[in-house]
Structures are given as C-alpha cells and as structure tokens.
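For reference, the chains in residue letters:
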Amino acid sequence: MEFGPYLMLATLEGAVTAAVLALTAVGLSLVFGVMRVVNVAHGEFFMLGAVLAWWAAGLVGGHPALGFGLAILVVPILVGLIAVAADVTILKRIDYDPERTIVATIGILYIIQQLTLMTYGPEARPVEAPFNTRLALPWFEFADGRPQIYWPWGLSTTSYKLGVIGAAAAVLVGVWALMTHTRIGLLMRATQLDREMALAFGIPVERVYALVFGLGAGLAALAAVLIVPIQQAHYLMGGDPLLLSFIVVIIGGLGSLPGTVVAAILIGVSDGIISVFFSPTLAKILATLLVALVLVFRPQGLFGARRA
Amino acid sequence: MLEVKAINVAYGKAQVLRDLSLRVEAGEILCLLGRNGAGKTTTMKAIMGLLPLMSGQVVVAGEAISDQPPHKVPGAGVGYVPQGRRLFSELTVAQNLEIGLAANRSGQAVLDNVLELFPRLRERWSQRAQTLSGGEQQMLATARALCLQPKVLLLDEPTEGLQPSMIEAIRQVITVMRERGVAILLVEQRVDAVLSVADRVAFIENGRNLETVSADEIRADHSIVERHLGV
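Chains A and B, in that order, give the protein sequences.
Last residue of the first sequence? That's 308 in full-length UniProt numbering, and every number before it is there in order.
Last residue of the second sequence? That's 231 in full-length UniProt numbering, and every number before it is there in order.
To be clear, the hints were calculated from the coordinates, so they are not data collected in a lab.
From a predicted model like this one, the values you see are computed outputs, not experimental measurements.
It is possible that part of the hints are untrue.
Residues on chain B that point at chain A, a partial pick, calculated with CB under 8 Å [unchecked claim]:
| hint | residue |
| --- | --- |
| 1 | 74 |
| 2 | 82 |
| 3 | 100 |
The calculated DSS-like cross-link candidates involving lysine-lysine, where the alpha carbons are at most 27 Å apart (straight line), are [as the list claims (entries may be wrong)]:
| hint | chain 1 | residue 1 | chain 2 | residue 2 |
| --- | --- | --- | --- | --- |
| 4 | B | 151 | B | 13 |
| 5 | A | 92 | B | 151 |
| 6 | A | 161 | A | 284 |
| 7 | B | 5 | B | 72 |
| 8 | A | 92 | B | 13 |
Beta carbons: idealized from backbone N, C-alpha and C, even for Gly.
Please work from the sequences and hints to get the whole structure.
In structure tokens form, the structure reads like this:
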C-alpha cells in the first residue's frame, strides 16, 4: 500500500484521540477558567467514568447497546455528583486557595485511584461497543490519467470510531451553547471574569463552583465512556489523559474553550500520525516540547488573552 | 436606611477598620473622605460582605445583611459601583445589565428606566464592555448597580479619570437617585466634587471615625477639610 492510505488511517485514529481529548481537556479548562483550580484529580474522574461504565454496562443483559446506553446516560452524572461532593467537602473548606487545591486534588487523585484498586481490582476490562460495523475506506489511484476510486485491502475503520467523533463534536457544541446562550452560562462567565463582582451582584459563586467542578468531571467521565469500548477500563488509565489535557489546555490558552478544542485537535491528530509512523513515545516528546515552546514564546497560550 | 455599626475588619493580620460607624438616611448623600489608605474602599467591601467582619454589624432597612452570605447582600437592595468600574469585561453591555437585573429579579420596566438615565448604553447594546470608552464604562457600571433597584447605593470614586462632561452626567444621575429616596454612600477624592453633591461628610483616618459634619458647615468653613486631610 502507498503512503496516502496510511496517512488517512493515522489521521482517523488521531481524530478519535482528539475527540476524546477535547472533551476531557474542555472539562479541565472550564474548572481552571472559572474556579482557578488546577485539578490534578481530573484524570481520575476520567478513569472513574471508564470503570463505572464497565459496571453499568454489566447491569443490563441483552444487546450491548442497552448496557452502553445506560452507561453513557448515568455515568457522567454519577461522576459529576462525586466531584460536586469533593468540591463541597474539600475544596470549599480550603477557600479554593491555589496552592492548597493542588495538594488537595493530588490527595483526591490517590483516594479515587486506590479505592478503585481495592474494589474494582487491577484487571483491565472491556465494554462492548453499542455498534461496531467494519467500514472499508476508499482510496483513489490514477489509471490511464484519470483518478479512480478503489478499496485497498485492510484499509478500514469502524462505525463506532466515527460515532465517537460525532458524539464528542455534538457534546462540544452543547457546551458552547450552554456557555454562550443560557443564563447559567452567563453566570459562569461572569464568575470567571470577576469573582468578587459576581458576588456583589448576587451570583451564588459557591454553587456556580460546585456546578462547574461537577460539569468538568462529568465531561471527563463522558469522554471515558466513549473511549472504553476501544481502550478498556483500568485503574491506572487516568495518567495519560491528565497529562495530555494539561498539554492541550496550556497550548490552547488557560481558560479559553475554543483554544482548548483547537489544541486538542492539533495534539490528538499529530499524536495519531506520529504514533503510527514513528512511535507513541516520540509523539509525547514532541507534544511536551511544544508546551515548553508555547510557555517560552507565548505564555498566554495560542488563543489565551493576556490578563491585565 | 444604611447603618454601619462599629465594624472591625482586617486583611489577614493587618487591621484596617476599627469600630467604624456610619449612618446614611434614605434620600441622603453621605460622603466618605480620608487620605489614601484610610479604609474607604475597605468600608465599601465590608458593607458588601466581600470582607469578613471581626465584629460589628451592617444593617439595611432594619435587616442585618452582615449575618447573610455575601451573594444575598445585593438582594437586600445594595447596589455597588466599585472603584475601577470592574465590569464583566468580555460580556456585552446587555449581558452586564442582565446580571444586574437578575441580582434583584428586576424586570423590563426597571431596565427601561435605567436606560432612560443612560441613553448612550442603548447605542452600545451588544458591544463588549471592554470596548467602551472610560465614560461609557462608568455609565455601565452605574447602570448595572441601578438595575437592582437599590435602596442603598455605594459609589467608589465614580468620576475618577473622566472628562468634565461625563463627571457632570454622573453627578446628575446621583442627584436623581437621591431625589428618588436612595441612600447614597460616596467615596470621592476631589473635595469640590464632594461639596457639590454631598449632604454630610464623614471623615475617617486609619480606619477610625473622625467627625461627621454637614456639607454646609464645610462650605462655610473650609478649614475643616484641611484639618482632616492635611493638604
């Protein structure tokens, strides 16, 4: 097979990574943007999403779509509620102090991780995809000077992977609409811009914070539910999404949602392509290098506004 | 209408306000005068509940607002125009006012009324707050506070850095609010600007009350100002 089809396949794989990463990173970015909290436990909410998806899917028999459907409806809400509880019982008590929240969320990270190990165990377990048709992909060649479409052997993807990309895009549009077109989005943005003035104009900032923390964790959990039919649930799976989310949020500009999405696509797709043609390690090295360059030459991120 | 009863406030270990008391009646403008660092802005923040009180009480219309969480204070009818305007910079004029309206569940009639005072804001309706001129931003900050139909209005240096025509416009709005029976607490640096609107003047120093005198007394005897501000 020539180079072109490989590149298309790698790009598609990268797009799946990008879709899941965008959801996870937007959650992290929301929490940082509105609450100024660096949530080190974000990856564990992702992991919880995957593990709980396995549990929820196991509750229902019959067609795999039933179990998966239950998981995708219930798990993000469940994880969101856990996060709200963590916010109210821990982060609120330490007044959202920047340094102490980092230490506190590291603590939450280990608590969630070890509790999962104690209950769910060290195994990696799959969740069956709700639909998983193999789709052959076309490519074109030049025969007699005219382009012709043909179907190279082995060049295929699955309907589920395309579904993940579509679902992530739909959720991101939903988040955007929530932030720009609803009353609660307006309150969230006002809180982000000036917490003290938000209070002075009657916005219940503590409730907004709890909601944002829950929403951020819910997005991570949703991303995990989407990826778990491809990747399997494991109690240590939260590390990579956390690292990549931080990379994406820094490159995109802290607290900027459009920047986060663009950076997620950039990092996700290049990660896919570099992993296929070279190695996954090289992909991570380059992404980290990019973060370093962004921090040196454009500290506010590609899309971030300089704070006055 | 507004009563500040012997409040003590500290930033960490540095105490800023010491047994400070103020009283503003409905339809009255009380001006707070003092040197830099005397605690004028701190007093306003303390009234808004943005700084915790070590002791003392803030009462609005008979209700102890200092016993409530900070986000309930605007609901009791306290409008705040902070120093430096502090608009929600990335939000539009309309959205800034919407937040003001939401604070006290005010309706369209209130908004129309406020926009009558500041017709310029209608022209800038869907513009972001940060793109407005300084004067327009001050109008918006004031309008945002008026949107919650305040019984008490706190104005922290509302004319700072504005051109004379704009200062006059703000001054007129303040006078209109007084006529409508709003209790106004004003912090202002320029003594002449104070004397043109104030009913009474409260001097403070190092977070303590000095004397509180009527503006007429100062107009008659300007040495009171020099004695307390030491210019």
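Checked hints:
With 8 Å as the threshold, the beta carbon of residue 74 (chain B) comes within range of chain A, its nearest partner Cβ sitting at about 4 Å, so the hint holds. For residue 82 (chain B), the interface hint holds, the least distance from its beta-carbon to any beta-carbon of chain A being 7 Å, beneath 8 Å. Proximity of residue 100 (chain B) to chain A holds as hinted, the smallest CB-CB distance being about 6 Å (cut-off 8 Å). A threshold of 27 Å between alpha carbons decides the hint, and for residue 151 (chain B) with residue 13 (chain B) the separation of about 33 Å lies outside it, so the pair is violated.
Annotation: proposed proximity of residue 92 (chain A) to residue 151 (chain B) is violated, straight-line Cα distance about 32 Å (limit 27 Å). At roughly 22 Å between alpha-carbon atoms, residue 161 (chain A) and residue 284 (chain A) fall within 27 Å of each other, so this suggested pair holds. For a cut-off of 27 Å, the pair hint linking residue 5 (chain B) to residue 72 (chain B) stands: about 19 Å separates their Cα positions. A threshold of 27 Å between alpha carbons decides the hint, and for residue 92 (chain A) with residue 13 (chain B) the separation of about 22 Å falls inside it, so the pair holds.
Of the numbered hints given earlier, the model fails hints 4 and 5; all others are met.
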